[in-house]
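Using the sequences and the hints given, assemble the complete structure.
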Amino acid sequence: MSNPIPSLDSISLEFYRREARHFDADHFVSKHNGVGFLVTHGPLPQDDDPMKTQAVQLPSAYETISGGTLEERAKETYPPGSVVFEIPLEQLKRKSQMNILPVGRGANLPITVAHGKISKFHGYFVYNSAGEFTYVDDSSTNGSEINGQKVPNSRKTPIESGASITLAGSFTFTYYSAEDLHAMLNLF
Numbered sequence: 001m002s003n004p005i006p007s008l009d010s011i012s013l014e015f016y017r018r019e020a021r022h023f024d025a026d027h028f029v030s031k032h033n034g035v036g037f038l039v040t041h042g043p044l045p046q047d048d049d050p051m052k053t054q055a056v057q058l059p060s061a062y063e064t065i066s067g068g069t070l071e072e073r074a075k076e077t078y079p080p081g082s083v084v085f086e087i088p089l090e091q092l093k094r095k096s097q098m099n100i101l102p103v104g105r106g107a108n109l110p111i112t113v114a115h116g117k118i119s120k121f122h123g124y125f126v127y128n129s130a131g132e133f134t135y136v137d138d139s140s141t142n143g144s145e146i147n148g149q150k151v152p153n154s155r156k157t158p159i160e161s162g163a164s165i166t167l168a169g170s171f172t173f174t175y176y177s178a179e180d181l182h183a184m185l186n187l188f
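Numbering (this note's numbering), first residue to last: 1 to 188.
Each hint should be verified, as a subset may be incorrect.
Below, simulated SDA-like cross-link-like pairs (lysine to any residue); rule was C-alpha separation at most 25 Å, straight line [what the hints assert, rightly or not]: (1) LYS150 <-> TYR124; (2) LYS120 <-> GLY143; (3) LYS120 <-> PRO88; (4) LYS120 <-> VAL136; (5) LYS120 <-> GLU86; (6) LYS156 <-> LEU187; (7) LYS120 <-> SER10; (8) LYS150 <-> PHE121; (9) LYS150 <-> VAL126; (10) LYS120 <-> ALA130; (11) LYS156 <-> ASN128; (12) LYS150 <-> THR134; (13) LYS120 <-> GLY169; (14) LYS156 <-> ASN186; (15) LYS120 <-> ASP180; (16) LYS156 <-> PHE171; (17) LYS150 <-> ASN99; (18) LYS156 <-> ASN99; (19) LYS120 <-> ASP9; (20) LYS120 <-> SER139; (21) LYS120 <-> ALA163; (22) LYS120 <-> PRO43; (23) LYS156 <-> GLY143; (24) LYS31 <-> THR157; (25) LYS156 <-> PRO80; (26) LYS31 <-> GLU19; (27) LYS156 <-> GLY131; (28) LYS156 <-> PRO102; (29) LYS120 <-> ASP138; (30) LYS120 <-> HIS41; (31) LYS156 <-> GLY169; (32) LYS156 <-> VAL35; (33) LYS31 <-> ASP9; (34) LYS150 <-> ASP138; (35) LYS120 <-> THR141; (36) LYS31 <-> GLY169.
Quick list of the computed label-pair ranges, beta carbon to beta carbon [said to hold, decoys possible]: (37) PRO80 <-> ASN186: 36 to 42 Å; (38) GLU132 <-> PRO43: 28 to 34 Å; (39) THR141 <-> PHE23: 39 to 45 Å.
Source of the hints: derived by calculation from the structure; they are not laboratory data. Just so you know, these numbers come straight off a predicted model, no measurement behind them. Note that beta-carbon positions come from the ideal geometry of N, C-alpha and C, so glycine has one too.
See the structure below:
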């Protein structure tokens, strides 16, 4: 039986920004071979009551930022406090049974977002042997969106590098390949 994926550490986006400035794209990609990245749009929330999910009705959190320089748009999308989760894609692909990466409010999950609008087990990411990265909303109370489109419950939805994943209309990640993260970080 496979061991579950351990809790993932959130690492400052600034750490990766310094690394991207220090290494060229080939070195950065080589160093992070077999890894995908989820970048938060701001700091991880700290909820006062992590035990209860709050139902909400919110408009889509996905917005296209227009105007300004690339540097201004990057800083607006990823303000100070934004963090990065390294997703061990190759490790997920090798697991025969436990090839999912859960996300939710539960403190025991690999990716924990402590916010009352997010369900304890909100959804999960899957990376299969064919190299496809997908997201599944696990019938969460407040739903999920990918690039502003509602994710149907319990259905695998493909994710490409650059896709925005919004949980409960209130918290957004963007998924990046190593190549695309390096390019994005060199914008600011």
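Results of checking the hints against the structure:
1. LYS150 <-> TYR124: Holds, at about 15 Å.
2. LYS120 <-> GLY143: The hint holds at about 12 Å.
3. LYS120 <-> PRO88: holds (22 Å)
4. LYS120 <-> VAL136: holds (14 Å)
5. LYS120 <-> GLU86: holds (21 Å)
6. LYS156 <-> LEU187: violated (32 Å)
7. LYS120 <-> SER10: holds (18 Å)
8. LYS150 <-> PHE121: holds (17 Å)
9. LYS150 <-> VAL126: Given that 25 Å is the threshold and the Cα spacing comes to 18 Å, the pair holds.
10. LYS120 <-> ALA130: violated (29 Å)
11. LYS156 <-> ASN128: The hint holds at about 11 Å.
12. LYS150 <-> THR134: Since the Cα atoms of LYS150 and THR134 sit roughly 14 Å apart, the hinted pair holds (cutoff 25 Å).
13. LYS120 <-> GLY169: Holds: LYS120 and GLY169 sit about 15 Å apart, inside 25 Å.
14. LYS156 <-> ASN186: Violated, because 32 Å separates the two Cα atoms, which is more than 25 Å.
15. LYS120 <-> ASP180: Given that 25 Å is the threshold and the Cα spacing comes to 30 Å, the pair is violated.
16. LYS156 <-> PHE171: Holds, at roughly 20 Å.
17. LYS150 <-> ASN99: holds (24 Å)
18. LYS156 <-> ASN99: holds (13 Å)
19. LYS120 <-> ASP9: holds (18 Å)
20. LYS120 <-> SER139: Cα-Cα ~11 Å, so holds.
21. LYS120 <-> ALA163: OK: LYS120 and ALA163 at ~23 Å, within 25 Å.
22. LYS120 <-> PRO43: holds (19 Å)
23. LYS156 <-> GLY143: holds (14 Å)
24. LYS31 <-> THR157: Outside the cut-off at roughly 28 Å; violated.
25. LYS156 <-> PRO80: violated (32 Å)
26. LYS31 <-> GLU19: holds (10 Å)
27. LYS156 <-> GLY131: holds (14 Å)
28. LYS156 <-> PRO102: holds (13 Å)
29. LYS120 <-> ASP138: Given pair LYS120, ASP138 holds - Cα atoms ~10 Å apart, limit 25 Å.
30. LYS120 <-> HIS41: holds (20 Å)
31. LYS156 <-> GLY169: This hinted pair holds, its Cα atoms lying about 19 Å apart.
32. LYS156 <-> VAL35: holds (20 Å)
33. LYS31 <-> ASP9: holds (17 Å)
34. LYS150 <-> ASP138: holds (13 Å)
35. LYS120 <-> THR141: holds (10 Å)
36. LYS31 <-> GLY169: Roughly 34 Å between the alpha carbons, so the hint for LYS31 and GLY169 is violated.
37. PRO80 <-> ASN186: 36 to 42 Å: Given about 18 Å between the Cβ atoms, the range is violated.
38. GLU132 <-> PRO43: 28 to 34 Å: holds (30 Å)
39. THR141 <-> PHE23: 39 to 45 Å: holds (42 Å)
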